[in-house]
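Colleague: Sequence lines, in order, name chains G and H.
Heads up: the first sequence begins at 1 in the numbering used here, then just goes up one per residue.
Heads up: the second sequence begins at 503 in the numbering used here, then just goes up one per residue.
Certain hints may be false.
Stated by the list, open to error - Some chain G residues judged to face chain H by a derived CB distance under 10 Å, without partners named:
id : residue
1  : Thr90
2  : Gly127
3  : Val412
4  : Asp455
Quick caveat, the hints were computed from the structure, so don't treat them as lab data.
Since the structure is predicted, the reported quantities are computational estimates derived from the model, not experimental observations.
The C-beta atom is built at its ideal place from N, Cα and C for all residues, glycine as well.
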Amino acid sequence: MICKVLIANRGEIAVRVIRSCREMSIPAVAIYSEADRGSPHVLMADEAICVGPAASLESYLKVDHILAAARKTNADAIHPGYGFLAENATFARAVQEVGLTWIGPSPETLALLGDKVSARRLAQESGAPIIPGGLEPTADIEAAKAIASEVGYPILIKAAGGGGGKGMRVVTQPDELRPAFERARSEAESAFADNRVYVEKIIEQPHHVEIQVFADQHGQVVRLGERECSIQRRYQKIIEETPSPFITQQVREELGRLAISIAQACRYRGAGTIEFLVDKDQNYYFLEVNTRLQVEHPITEMVTGFDLVAEQIRVASGEPLSFTQEDIQPRGHAIECRIYAEDGFDNFTPSTGTIVELGAPSGFGVRLDHGIREGLEITPYYDPILGKLCVWGQTRPEAVRRMARALEEFRVVGVQTTVPFCLAVMNHHSFIRGEYSTRYIDDYLFELEAWSQADTENLSEVAALGATLFTTAYESKLADHSNVEEADSNWVRLGREQQVSR
Amino acid sequence: MIFKALVADREIQLKLRVESGKPIVELQEYSPQLDLVKLTAFSYSLLVDGQSHHLSIQPSRNGFKVDIRRRTYHVRLQDELDITIAKLGLKDASLNQSGKVVAPIPGLVTSVNVATGDKVGKGDHLLVLEAMKMENEIRAPLSGKVTDVHISPGDTVEKGVELISIKGREDLK
């Protein structure tokens, strides 16, 4: 059994992994950058090692520093979390070469599935449909033209070397192809050092549905249901739920079987997610495999009752899976809202600053995973995720109402968050009915914003607002008079006091 | 003290004063019983005629952002002094018998509602001047006919610059 785990990550996911380690009585080692010295994952860990300055490239992505930290603390395993080096085959290999246990799939599997072309071939060989055009990346405009006319417009141009919306272009007519192709190719070149792109058929009103799989080193593979992740901004998920309110039972079964076949075909090990696109007519296509723990794994934990991080650690230690397919009987409904330091009603612009007040929701069926605290500065160096709010309910309507209630309790002062956006979604007719695709935010952002805005007809609220502002302004005036030298506003001063006193 | 608050697109006028250490609010015809407790530097509990509100307040780019359970209020405030200044500005314009409407404050013209030749009544909405991220409606100081529009949307104007000329009814005779 693994004796000490080093977590090569930060923020909420590092906290999440530390929690399971604690429960398994395994000491946990945190790594941190100079900007993260006071972060909760450092405070919670048994040991903590600084791996470099704020910039990720010089700290959380610095392989030799991380390996040195493991050596120094005598950690015998590395958990990569998600993001950073989690899907990096070179890192996984380096970890194994120095004799440590890598908590994740083998470096060979990471390399195979990390390459879109080989991943899609594998999926196709396992019987999964592929998006037309998706098997032949190209850097040649003539080849692109040929594929486009074969699969039919509208088409999507997509970088072969990576994701995140970079190098992506929608083309509706043949004469738009050349300029879009050139731009996508140069974007892909600068972002991923790979100028090959796919020319794919566009899937209309697609749903993003993924299957959680788990495999041990003894050939056992199970699936733990699906997650619907169609509420996305900039091709990144923001709200997920399980089960999907959209797919039919037949599609659920078929996707589950395909996911198992794909995992078996690459002799998968540990936690993995097979992603599919499902169109409005329930036709589905293989998208990719995420060879790591997903951000949204807690909702699967809530409906199945299994701790996926603990299971990752056991499987990496060589133990057989602690549950069989028959043991997995998902119950009820779970929803996750990602809490980003972003203003949902201002283009999801990242927000930085100091968290001066934090009121966390709780109560029956509520789970909050986060890596923040009062007094913590949210810096621009890393992913803006602050945490994840998850709820469980017997039924979907109960879960939606519970999430709305929990979001109403959530108070983060000092940075803008996606809490108001998520709350508007929970109160929006289309989400309540479970009718939404990845087009949701494009279609409804205006309605969501209108819901979230001030209700000036509510005199009680307006009176409360006025009295509060009055008191605030009055106090700040008093402060201005009492301290002429203090040029900054009272707010800045209060913020500073809070930082100092904590 | 009179507060003018711009909440979303609406302007709300509140009369506020302190009586034996407690704030009193008058809002239209409504003057509820208020019980305010400051919880932290950034949050308050208010009982407004017994209705419980838990607010958090933080400064934003152009005023305050206030969260009240379900909703977010973006508020821009004008207090007594600002209102007085604004009034003086507009008063200057209205006193001008030649019907020159001048900019009471420096700002950006965001919309113009009238054109040369239009007939306007006193108090009609002429244009919007954005200053310090506040939208100020400039109204006609007198009834008459627009003889000249000196600005168009997007223009930045200095304080005192003539925006619109109106020939008063008296002069039209």
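Colleague: Now, for every hint given, state plainly whether the structure supports it.
Modeller: The hints, checked one at a time:
{"no.": "1", "hint": "Thr90", "in the structure": "violated (43 Å)"}
{"no.": "2", "hint": "Gly127", "in the structure": "violated (47 Å)"}
{"no.": "3", "hint": "Val412", "in the structure": "holds (9 Å)"}
{"no.": "4", "hint": "Asp455", "in the structure": "holds (6 Å)"}
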